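Q: Given next are the chains, with one letter for each unit.
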Amino acid sequence: MTLKNYLLPAAALLLLLVTVGTIENSAFHKRNYKTFPFKEAKKEPFYVFLSSISGFRILVADFLWMDAVQYLGDIENQKENYKQIYPKAKDIITLDPNFTYPYIAVSGMLFFELNQKDTAIEFIKYGIKNNPGYWQLSLYLAAYTYAKDDNLRMVVHNIKSAVSLENHPPMLERILGSIYIKLMKKEPQNKDFWLKEAVKLWVEMYEHPSEPLNKEYAEKHLKELGLLK
Amino acid sequence: MTEKQSFKKILAVAQNTLNECIRHKVLNILFVFALALIGGSLLIEELSPGAQGRTLINVGYANMELFGFFTVMLAIFIITFEEFEMRNLWLSLTKPISRTGYLLGKFVGLTFVLLLTLSVMSLIIMGIAFLGKIDLNFNYLLVVYAMSLGLILTIAFTLAFISIATNLTTGLIFSAFIFLIGHLTEHLQAIIENPKTPVAAKSVLALVYYLAPNFSLFNLKDKVYMNEGTFDPAYILQITLYAALYTFLALWLGSKAFKKKEL
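Protein chains in written order, with the numbering used here: chain E, 39 to 267; chain D, 122 to 384.
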């Protein structure tokens, strides 16, 4: 075997090293191939780390989201005040910080249902930091900030805008209904106006429910008002 | 022997490999199973409110990569087992074809099998996405393309390991091990750069980092939501060149070992 036989593979090896250097210095590589922040995962950091290194980060984030939905759907977990939902959500967004839906759904749950207002605001801010182009998150942040300051009119304004968007969490419609009830008590002089708004929402929820629970919720309120038998 | 004749012989071996794989029942069952799982993702998406379309496509990507890998491994196992253990190889090598040509033919044939499998699976996913009104942009094709590059590279170094190893099982286990290590490289660098890592461990890890093929470069499915618009075309060209060079080196090494192998 002569030296000539090794010339081509040696040239290929050299070119390979140059290619590796070029790839590692490319803007795309620097932007997308960062060290994985697995320590930010709250519930199962090791499991989250393993999912990431196996090359199925996004898929596992989807499966963890399904798990979180099942957790929220189980009425038994209400006893512990859904305390696992935030760690679960942190694991999901650690795996995929660009998965926008959990930011919306979990922050809404934390803010309005579990009264963890600061956590919800911190969570949605983290979402905005990672997804600056997804403007809907800013809308939710505005709603939370106004709600925290008890500016319910601005909360209604922001939630109404969010509800008008396609693919909003169905829970948001029930939250809007609850805010109308609060406003009826807070502003007795405008009670009729808020009642009219609430009825309009409940009728819409009853006739075109985003999920079965919304229909039940609307039906209950419409029956209380005597508008439904 | 002219270049054209050698090329025809390589293609003849490739065609034979493709035909063998298509006729083989085990591979067909694996293929049907993959299609069933892709169809099954329609049920999974119901459990994922707010992310239905995304889940469906992500399950599709995972199925394509996993079943692509299993198809490659199983096809190599079946073909090599039949050739070596059942002595079919002796008959083939009595024909006027060099051992390098034979190995290249097997590589091309297995690549055809892989591309056929991936094409059918991606067409089905595209069909499901079309029916479900899920928006699939050009990045979908680029993800599948990058996935194919990684799996073609897997074929090349598996053939090389089988040629080097004394038995088939060792070659396949080693190859699967390299496939796993190759996916770790994205995080290996962080461990090397960590000041707390001992120097000896750093050296070993650096050796693994530079020698093992970096499969995370081909993993665009995990980067798809991080990028707005189409993936950088320059990056796609770079990883294509990377895969081509690595494949060439693996096949060169494999052919050298296969030439010297006692059958």
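Don't read these hints as lab results, they were simulated from the structure. Remember, it's a predicted structure, so these values are computed and weren't measured experimentally. Among these hints, one or two may not hold up.
As the list claims (entries may be wrong) - Below 20 Å or equal to it, Euclidean Cα-Cα: the simulated PhoX-like pairs (lysine-lysine) are:
hint: 1; chain 1: D; residue 1: 323; chain 2: E; residue 2: 72
hint: 2; chain 1: D; residue 1: 317; chain 2: E; residue 2: 42
hint: 3; chain 1: E; residue 1: 220; chain 2: E; residue 2: 186
hint: 4; chain 1: E; residue 1: 42; chain 2: D; residue 2: 377
hint: 5; chain 1: E; residue 1: 42; chain 2: D; residue 2: 380
hint: 6; chain 1: E; residue 1: 72; chain 2: E; residue 2: 117
hint: 7; chain 1: E; residue 1: 72; chain 2: D; residue 2: 317
Q: The structure should be examined with respect to each hint, and the outcome stated for every one.
A: Evaluation of the provided hints:
no.: 1; hint: 323/D / 72/E; verdict: holds (19 Å)
no.: 2; hint: 317/D / 42/E; verdict: violated (45 Å)
no.: 3; hint: 220/E / 186/E; verdict: holds (14 Å)
no.: 4; hint: 42/E / 377/D; verdict: holds (15 Å)
no.: 5; hint: 42/E / 380/D; verdict: holds (18 Å)
no.: 6; hint: 72/E / 117/E; verdict: violated (40 Å)
no.: 7; hint: 72/E / 317/D; verdict: holds (19 Å)
The structure fails to meet hints 2, 6 from the earlier list, while all remaining hints are met.
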